[in-house]
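**Q** Spelled out, the chains give:
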Amino acid sequence: MDGATVRSWMREIESSVRAQRDYLTQLDSAIGDGDHGTNVTRGFAAVVEALDGEKDAPPGRLLILAGRTLVSTVGGASGPLWGSALRSGGRVLGDSPTFDGQQVVEVLAAALASIKDLGAAAPGDKTMVDALEPAVEKLRGEVAAGAQPAAALASAAAAAEAGMEATIPLQARKGRASYLGERSIGHQDPGATSTALILRALERAVAAGS
Amino acid sequence: MAVETKMRKFMNDPANVVKESLAGLAAAHPNLLRYDSAAQIVVRKDAPKQGKVALISGGGSGHEPLHGGFVGLGMLDAACPGEVFTSPVPDQMLAATKAVDGGAGVVHIVKNYTGDVMNFKMAAEDAADDGIKVSAIVIDDDVAVQDSLYTAGRRGVGATVLAEKIAGAAAESGADLATVSDTVKRVNERARSFGVALSSCIPPAAGKPIFDLPEGEIELGIGIHGEPGRRRAQLGTAAEVVDVMVEAVMSDLKPSRGSQVLAFVNGMGGTPLIELYLLYAEVDRKLRAAGVEPVRNLIGNYITSLEMAGASLTVLHLDDELLKLWDAPVHTPGLRWGV
Chain P
1 MDGATVRSWM
11 REIESSVRAQ
21 RDYLTQLDSA
31 IGDGDHGTNV
41 TRGFAAVVEA
51 LDGEKDAPPG
61 RLLILAGRTL
71 VSTVGGASGP
81 LWGSALRSGG
91 RVLGDSPTFD
101 GQQVVEVLAA
111 ALASIKDLGA
121 AAPGDKTMVD
131 ALEPAVEKLR
141 GEVAAGAQPA
151 AALASAAAAA
161 EAGMEATIPL
171 QARKGRASYL
181 GERSIGHQDP
191 GATSTALILR
201 ALERAVAAGS
Chain R
1 MAVETKMRKF
11 MNDPANVVKE
21 SLAGLAAAHP
31 NLLRYDSAAQ
41 IVVRKDAPKQ
51 GKVALISGGG
61 SGHEPLHGGF
71 VGLGMLDAAC
81 PGEVFTSPVP
91 DQMLAATKAV
101 DGGAGVVHIV
111 KNYTGDVMNF
121 KMAAEDAADD
131 GIKVSAIVID
141 DDVAVQDSLY
151 TAGRRGVGAT
161 VLAEKIAGAA
171 AESGADLATV
181 SDTVKRVNER
191 ARSFGVALSS
201 CIPPAAGKPI
211 FDLPEGEIEL
221 GIGIHGEPGR
231 RRAQLGTAAE
241 VVDVMVEAVM
251 SDLKPSRGSQ
261 VLAFVNGMGG
271 TPLIELYLLY
281 AEVDRKLRAA
291 GVEPVRNLIG
301 NYITSLEMAG
311 ASLTVLHLDD
321 ELLKLWDAPV
331 HTPGLRWGV
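These protein sequence lines map, in sequence, to chains P and R.
Going by my numbering, the first sequence opens with residue 1, and the numbers climb by one from there.
Going by my numbering, the second sequence opens with residue 1, and the numbers climb by one from there.
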């Protein structure tokens, strides 16, 4: 896996969140303010454009640029959160021209740590952490057991989707949905949903390149 | 009431609503401010003022006149407007901070929303790297949200307007960074708010209302982003609604008897002044009955939620200094007196 994998990942995210834009916005309207689909679509479109201008950068640098672009274009909470996450993940790779399955684990673990730190969110708070943390754990286990990256990422994406669905009965304790108190129960978290899309996009990018 | 379900707005393109509106603000008030469309910030015309502490604020758009309409003499030095209901990005806050810093430091007035706090935090770190003294104060006056481990904390609502006016006056009078910051903090600590809605609102990019409110019902404990409130109830009389608002605010603020207060009845954008003044009549009477004296008031649409029908009440417990700063001259598109 190399810089092309990162570019492909970002393109896959962009087309996925664009296709699901109205769905994400609908989820956000129920317990937030109805802009999540619009914001992440704007952000990842800008990321794809920014990466197109960086032809020779190594994968870590591309992730850092992607993160910086999200911070500069998305706003809201998802911009800083995913922006910091990708920057932290990119720093793990340094200037290495390629990366392996174990490094994917480290990139996503660094992204998760960054999101938990900035958002002060824990599992069960009904946030993107509820999708990302089980995905990272699943990926770590599968890679340690010797699974190929694409297969391990398929399991990780499924874990993210399970975590996403498990946010439905939770009462939000972070972000705008927390203002609703008990009224946030019964709705799927939009941030966990876009996080699951981001994991599934990574699986597709890695599978296409292997 | 009739539930508006189709978007009917004056606009050219939903994606350009914020920029085109800011261009209009600048065209209307060239004597007060300018709009930097590249940096996406509104800056006081005479900024930076050497030796004066500068105040900036920002947040999602859709709350007009907040914040761009409060740029000018005696209030903000710059505003950073985000997309509708979306926090602006750190680049905007950094550009605004650099544009207004007159060497005495810059105060960031931040409404307590997860995104706003994160983006302002990143900008303050960048500004510090550039050698600019920044003091960020978070406004969280909304009593509808319990401040606990189980929420993102109280939202910043009506007290933001009062803090921008009062701290702006302090900065204009030559107060230093610590004093201006402390003034913002004092306004926040001495103010409480509670909002109610009779309708949702339609963000231009979404094209439909954020929630549907059945006929004859009211949302209690709303914020300023068209989000549903803490609970829904049958819509009673104005007197009954104001009972709920005054009780919510006063039971938390607990001013001593005989205190002087500022009562701010704010419209959410879709409620006419005839109703806001009707609410104020109830507010004035109930505050006096509760043993406090509303010696100043502000009534109108100042921190709105697009076209939402509804209102919020903010009560600020005044002291002599806050009163003096409130009365000081202000000249902005949204507030003007004494000049």
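Warning: the hint list may mix true and false statements.
[Claimed, not checked] Within a straight-line C-alpha distance of at most 30 Å, the following computed DSBU-like cross-link-like pairs (lysine-lysine) qualify:
#1 R/Lys49 / P/Lys116
#2 R/Lys208 / R/Lys49
#3 R/Lys49 / R/Lys6
#4 R/Lys6 / R/Lys185
#5 R/Lys6 / P/Lys116
#6 R/Lys185 / R/Lys133
#7 R/Lys45 / R/Lys133
#8 R/Lys49 / R/Lys324
#9 P/Lys116 / R/Lys121
Worth flagging that the hints you see were computed from the coordinates, not collected in a lab.
**Q** Mind checking the alpha carbons of R/Lys6 and P/Lys116 for me, to see if they're no more than 30 Å apart?
**A** violated (39 Å)
**Q** Is R/Lys208 close enough to R/Lys49, meaning Cα to Cα at most 30 Å?
**A** Violated. R/Lys208 to R/Lys49 sits at ~43 Å, over the 30 Å cutoff.
**Q** For R/Lys6 and R/Lys185, compute the direct alpha-carbon distance and say whether it is at most 30 Å.
**A** Measuring from Cα to Cα gives roughly 41 Å; hence the hint is violated.
**Q** Just to be careful, I want the Cα atoms of P/Lys116 and R/Lys121 compared with a cutoff of 30 Å; is the pair within it?
**A** Between P/Lys116 and R/Lys121 the Cα gap is close to 16 Å, so the pair holds against 30 Å.
**Q** Can you confirm whether the C-alpha distance between R/Lys49 and R/Lys6 stays at or below 30 Å?
**A** Roughly 46 Å between the alpha carbons, so the hint for R/Lys49 and R/Lys6 is violated.
**Q** Take the C-alpha atoms of R/Lys45 and R/Lys133, compute the straight-line distance between them, and say whether it is at most 30 Å.
**A** Roughly 22 Å separates the two Cα atoms, so the pair holds.
**Q** Take the C-alpha atoms of R/Lys49 and P/Lys116, compute the straight-line distance between them, and say whether it is at most 30 Å.
**A** Given that 30 Å is the threshold and the Cα spacing comes to 40 Å, the pair is violated.
**Q** R/Lys185 and R/Lys133 were given as a pair; does the straight-line alpha-carbon distance stay at or below 30 Å?
**A** holds (17 Å)
**Q** Below or equal to 30 Å on CA atoms is what counts here, so check R/Lys49 against R/Lys324.
**A** Measuring from Cα to Cα gives roughly 23 Å; hence the hint holds.
Hints 1, 2, 3, 4 and 5 from the earlier list are contradicted by this structure; the remaining hints agree with it.
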